[in-house]
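Asks: Each residue of the sequence shown is one higher than the one before, counting from 17 in my numbering.
In case anyone wonders, no lab produced these hints; they're calculated from the structure. Keep in mind that the hints are not guaranteed to be accurate.
[To be verified] Below, in silico cross-link-like pairs of lysine to aspartate or glutamate (DMTMM-like), each with a Cα-Cα straight-line distance of 20 Å or less:
1. Lys40 x Glu20
2. Lys40 x Glu67
3. Lys40 x Glu29
4. Lys40 x Asp72
5. Lys40 x Asp30
6. Lys40 x Asp129
[Claimed, not checked] Derived CB-CB ranges, DEER-like:
7. Ala94 x Arg200: 45 to 53 Å
8. Asn64 x Ala196: 37 to 45 Å
9. Gln128 x Asn64: 36 to 44 Å
10. Ser180 x Ile19: 33 to 41 Å
Every residue, glycine too, gets a C-beta built ideally from N, C-alpha and C.
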Amino acid sequence: MTIEVQGVLLVHEDTSWCRRVARKLADLDVAVHVATSTSGALRVVECNRPEVALVDLAALPTPDCFGLVRSVVNASPAPAVGVWSHRLMPHEAFLLGQLGVRRLLATRPQPQDVMTHARAMADTRPDVVPHLRAFAPHAGPVRETLAAIRDLFLDQVLGAVDESQSAAAEILGITRQAVAQSERAKTGSISRALDVDDEADVG
17 MTIEVQGVLL
27 VHEDTSWCRR
37 VARKLADLDV
47 AVHVATSTSG
57 ALRVVECNRP
67 EVALVDLAAL
77 PTPDCFGLVR
87 SVVNASPAPA
97 VGVWSHRLMP
107 HEAFLLGQLG
117 VRRLLATRPQ
127 PQDVMTHARA
137 MADTRPDVVP
147 HLRAFAPHAG
157 PVRETLAAIR
167 DLFLDQVLGA
177 VDESQSAAAE
187 ILGITRQAVA
197 QSERAKTGSI
207 SRALDVDDEA
217 DVG
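Using the sequences and the accompanying hints, generate a full structural model.
Replies: Structure below.
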């Protein structure tokens, strides 16, 4: 089913770029709304109900930007979400795909291209694996790679929140128990690997 795009949310700090986008989309009778914070973005989603949201991941610190994306995706009704970042890591791309992001861009789109991306996002279902393969083309088996990426991103989030499992759980949208379980499983894997190394040394 084709979704008609009548409103676009831009989460970006460059007001001149946002104005250029607004002028381009005004010719198509598409409203452009601008926000620079999670609370501002959620107000736009609640009050204006745009069909599409484009988020600049550099606009906020890493934990905050993922929290923003999760909040927007979980809103009702939720817009189709796309993001751009010139420094997106594979594990970040994976998490964004898992959250439901429909388009990952390496650079900020040109104003005249925003509507093309918006229409494509509105008609595209989120899929984690293509995002992962696009940003990590030489990854191994998908299941093993996804597990490694989850561990890596959890480490990054825990580091950003001073090892607080509760804060990490809130950012990732999971329970604190799930964070603790993941940490225990990872510790067990490391211990088993060390045991194997010790046995090899003895042999």
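Asks: Against this structure, judge whether each hint is valid.
Replies: Evaluation of the provided hints:
no.: 1; hint: Lys40 x Glu20; result: holds, 17 Å
no.: 2; hint: Lys40 x Glu67; result: holds, 17 Å
no.: 3; hint: Lys40 x Glu29; result: holds, 18 Å
no.: 4; hint: Lys40 x Asp72; result: holds, 19 Å
no.: 5; hint: Lys40 x Asp30; result: holds, 16 Å
no.: 6; hint: Lys40 x Asp129; result: holds, 9 Å
no.: 7; hint: Ala94 x Arg200: 45 to 53 Å; result: violated, 33 Å
no.: 8; hint: Asn64 x Ala196: 37 to 45 Å; result: holds, 39 Å
no.: 9; hint: Gln128 x Asn64: 36 to 44 Å; result: violated, 23 Å
no.: 10; hint: Ser180 x Ile19: 33 to 41 Å; result: holds, 39 Å
When held up to the earlier numbered hints, the structure conflicts with 7, 9 and fits the remainder.
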